[in-house]
Amino acid sequence: MNVRVGDIIKLENNQFVAADILLLCSSEPYGLCYVETAELDGETNLKVRQALSMTSDLGDVSKLMDFDGEVICEPPNNKLDKFTGTLHWRDNKYSLDNEKMLLRGCILRNTEWCFGMVIFAGLQTKLMQNCGRTKFKRTSIDKLMNTLVLWIFAFLICMGVILAIGNTIWETCVGRKFELFLPWDEFQSSAVFSGFLTFWSYIIILNTVVPISLYVSVEVLRLGHSFFINWDRKMYHNQSDMPAEAHTTTLNEELGQVEFIFSDKTGTLTQNIMVFSKCSINGQTYGDVYDEFNQKVEITEKTTCVDFSFNPLCDKAFKFYDCSLVEAVKQQESAAQDFFRLLALCHTVMPEEKSEGNLVYQAQSPDEGALVTAARNFGFIFRARTPETITLCEMGRAATYELLAILDFNNVRKRMSVIVRNPQGQIKLYCKGADTIIFDRLDPSSEDLMYATSEHLSEFAGEGLRTLALAHKDLSEEYYQVWQKKLHYVSTVIENREEQLAALYEEIEQGMKLLGATAIEDKLQEGVPETIACLNLANIKIWVLTGDKLETAMSIGYSCNMLRDDMDEVFVISGLTQLEVQQQLRKAKENILGLNRVSSTGDVEKGDMSAEDSVFEETIISEYALVISGHSLAHALEPQLEHTLLDLACLCKTVICCRVTPMQKAQVVELVRRHKMAVTLAVGDGANDVSMIKTAHIGVGISGQEGMQAVLASDYSFAQFRYLQRLLLVHGRWSYFRMCNFLAYFFYKNFAFTLVHFWYGFFCGFSAQTVYDQWFITLFNIVYTSLPVLAMGLFDQDVNDQNSLRYPSLYKPGQQNLLFNKRQFFLCTLQGMVTSFLLFFIPYGAFSVTLKDDGSDFSDQQAFAVTIATTLVIVVSVQIGLDTHYWTAVNHLFMWGSLIVYFAILFAMQSDGLFGIFPSTARNCLSEKSVWLVILLTTVVCILPGLVVSFLRVDLFPTLTDKVQ
Amino acid sequence: PSFPLMGKTKDKSGPLPRRPDNSAFKQQRLPAWSPMLTANTVLPFFYLLAVICMLLGVWLLLLVQSTQEIKLDYTDLGNCDECFNLRRNVSNAAQTCSCRVEFSIDKTFKGDVFFYYGLKNFHQNLRRYMDSRDDGQTVGWIKKLKNPSTYCEPFAKDEDGVPIAPCGAVANSMFNDSFALTYHSSSGHRVPVPLLRKGLTWYTDKNVKFRNPRTDNLTLAQVFEGTRQPLYWQKPVYSLDPHDPNNNGFINEDLIVWMREAAFPNFKKLYGILNRADANFEKGLPKGNYSINITYNFPVQHFQGRKEVVLTTLTWFGGQNHFLPIAYLVTSSLILLTAVVLTVAWWKFGKDGKNMKE
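Heads up: the sequence lines are chains A and B, in that order. Under full-length UniProt numbering, the residues of the first sequence are numbered 1 to 965, in order. Under full-length UniProt numbering, the residues of the second sequence are numbered 1 to 358, in order.
Because the hints were derived from the structure by calculation, they are not lab data. Possibly wrong hints are sitting among the right ones.
Unchecked claim - Label-pair restraints from in silico Cβ distances:
#1 B:T38 x A:V783: 29 to 37 Å
#2 A:Q332 x B:N22: 30 to 38 Å
#3 A:V174 x B:V51: 56 to 64 Å
#4 B:V51 x A:G881: 17 to 25 Å
#5 B:N289 x A:V174: 48 to 56 Å
#6 A:I900 x B:N22: 45 to 53 Å
Think of the CB as a built atom: it goes at the ideal place given N, C-alpha and C, for glycine as much as any other residue.
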């Protein structure tokens, strides 16, 4: 499509919005139009956009032709919820905000058509601005491996130089005199030139020390590990028929090193299904089921549900178990009826009646949806809404309420109210909100009820339910008119409009009568608190990044045990300006550090604080939590504050960021990634998590209700949050363990194999003579020793999966990078060097004097080669045997198979008939008893030191892993 | 590189088409043996190993003690230093020179006695030297006989373009001293000690790796017509052994022995075996005085080499090899020491190390 800025385009129902456009007019009255923003921010409810009243009647092509307005606006940015600009048209200025914009990626709903002017197109749209750049992800082991290979290369060149210098000296001192028997080549003019040639010869001969085949083998391992993830039944979700999937094969071992998990909330931690589960009406609780002895009955699948068949418009999926509430409503109890009437009126839900009687609610928050659905099933059906009216169907009778005012919700007010005129003409205010807020604004007459209700509320909260208190108030016509005028005035003032509005709302929301309270269950996914606890034990920090409201986020925090009442303090950062945020962050940090400082070091200069933070991080015993809102986060992520934020966040056990944009999620991940040198994992299910998933080292997609974007952008995907535990603690841990052992062994093997040439250089005049024959050099890495180590890399298990999950601390070595690092590399190459040294010098010592038992001389080069090669194959096989913790049939097959293949090829190659030129050295050599004495001795000497070290480590200084084994 | 693995699951019918198989392999539940390094297995193993090494070491040491060996560096010994000086100058290569060295043995060499010549500081293991041969030629391919491989350069053809057989630096530098061992019996007789100059090579070398070109009723000399002997040789390859026509050509045992290149600069090669069929030497070499007449041809002073002869008796694991028994004894004592240290450490600190303390 060729959409350009300034074009006017027409959109039709259910179409994707193609660019960021300014809504000019629509098919609906007042220039309204509805959009679904799930692709942008993950919220599935419908949102209303309204065109400027001046342009809303342009719904005609000829009028649009004449439209010649000019828009001046902010430069392209990634803020989804803000837009500022002005429209100049017909000598007037109109201010534009986000309410008039349709952003690219939204879907037009419930609106036949609309016209809009393109403001941003292509890459400048907010959707594209929010797309993190896709990076090529590589694991830290990968990077380490590349560094190590460079080191090895440098080492190779060093060896080449040493041997070249040796050759120069040798040619000068000895080789020159040996010319009688071996004249120099014509082109070999001097000893230095000979040294130069030798350098290159040795680079070629010793190149096997640079493990080229390592890269191939590593990819094979990773592929295998990915398949094991795909095949794992314990990460397969029956209900959705969704197995775990690894979309990449490059990141598996990084799963064993994760330190930070960034999790989306809705749909990731929760099922994204809210359920109205209990309520308290007029001092009476409903929702629990009692048996005939007045004992509470556990609600299970089998418990009979309330029959809502009396209500043709009910939602079939709604389940409620306490029949007494239905009875109360049916018996026209006024409190119960008012309770549900309030729930049906006081909300911002949009109804969508797809066909007669088939109502679907689009709610901003699933809570509201749940409450309105509850009201619907209990006979107060919310059917339609216009800007001025709300239509209900009360116990089968239609009733239209005139909507006079909506006193909307925000984080400070923590309540919302509607003022309506009911069909009888009375003006009523209905209010719902946080219990503490409502209780402060009650009429004294409700005091008794308040005590009873607050008891119920604490009961509900104790069960992890999300509660709201409901209240109402009758307003007199006169009072309302006066208030209405004030409201009208205040809403046109420019300065301090917000505060004045708040004060005005406060004024009318006084002296209310309590109706009761609701309790909603936001169903967590199965096993979420357990998973989080387990991951916490594994020393993984979990940060929740959610687009939800502060309260919702916190209540989820409580229900999945991330926030607990016994925590020392929960810091809430919600400042709106940079200064406020800075102060709040500083204060929280000082609070944490200060408390500890008193007990530990006393006064410390402020300058030292950051230096000592890392020490403090370890020593803080008290538990803190940090909750930070999106607005504050925007400031806190500025360069001058990000360190404070990060330090503080790392001091806290739990971090929850709410109201964050997709880009902010990515920024938070990036912040940690950049400064903490830790492996990050992002898990999410919606399109709004994509940038975070792409930014983190590892992205995990939950294939839930919210489409496929997150899954497609992710590296791993599965159906339930709880599988994360298995992915990290079992598959990640194994992958890391296997990869590390594999690498250590591989480097060991190559060094042991190759350095023999280096030692031999000192005895063969640095002439680049190889010890082994060419076939052995070719086949050693690809045939003789590749399979056993692959089998170890694929199947090895130091600890089985049950124990991996049972002892989450087993995960810690991976985070601390203990199993393979530069030190381990140094140790394993050292082991390789020592082995090669012994491999060369023990046979040397024996061979320089040995003879065959028929008297013929035996110190010939080919016999020596066969002896060393055989010893090498045996030694590395024994070593892999010691390194393997889990001997499956495959391991046995590969191990013994490799040895058999070695001898088979050796004898075949050197058989009389097949290769006449190759003499039967092998037979002559290996039939010699002294050769076997040499092989035995060399094997014992090469293997025992390693065995002693592992025995000491395992039995005297056992790690947790050793203990669990 | 990343490639998606999606959609790899097979199309299966049934209610849960994408459910992974419940096989032990796919679920990583293959039955397995998990060996562990516990004190109960490792410590006895160490002791056992120490004992085995100890026994082997002692046994080998006893065997080695029973062998006898005498080494004689004749490079410039006795009147050989005349020859040594003669060979200093290459232009004297054609002159013959012989010398005599004497030695005595105090104890009878019992059993088979082997006679070796040894070279020191002679690098048969240089890469270019080792490659400078044509195995195709020495295995008897007619084509290669007159057309040796370029690996042999510069010893493939002489200045006139005549191919050399056997070609290459290895054959060219063949050791060409010869020895005659004489026993001075107590009665004053000089008895020549008979040496078997056959059976010096591996069977496979003599019969598989080295073969003469097919003669087809021609004499060996005729077959080799059109080639010349290596530059440093005095005799052509087909008349190396004047006594035994079957020991000529590429299958000459001295040549085969030489062509098996030594791995290290100091080496010895078999020259002959005492012929115990002779009544005087039935039981080996009796004690007494001996002399060796040496035809001194091989120059060593250019590369500061030494030449020696070695007489030795053998055991089942070769000649007088002190390295292996001593290495075994050292290893065994180290293992034993380690085992004791480990036992003490385990007894003191590690006994309950594996108990879970959580």
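Evaluation of the provided hints:
1. For the pair T38 (chain B) and V783 (chain A), the supplied restraint of 29 to 37 Å holds, since their beta-carbon distance comes to about 34 Å.
2. Between Q332 (chain A) and N22 (chain B) the C-beta distance comes to about 58 Å, which lies outside the given range of 30 to 38 Å.
3. For V174 (chain A) and V51 (chain B), the hinted distance range of 56 to 64 Å is not satisfied, since their beta carbons lie about 45 Å from each other.
4. Hint check: V51 (chain B) to G881 (chain A), Cβ distance near 22 Å, so the stated range 17 to 25 Å holds.
5. A hinted range of 48 to 56 Å for the beta carbons of N289 (chain B) and V174 (chain A) is inconsistent with their spacing of about 37 Å.
6. A hinted range of 45 to 53 Å for the beta carbons of I900 (chain A) and N22 (chain B) is inconsistent with their spacing of about 33 Å.
When the structure is compared with the earlier hints, violations turn up for hints 2, 3, 5, 6 and for no others.
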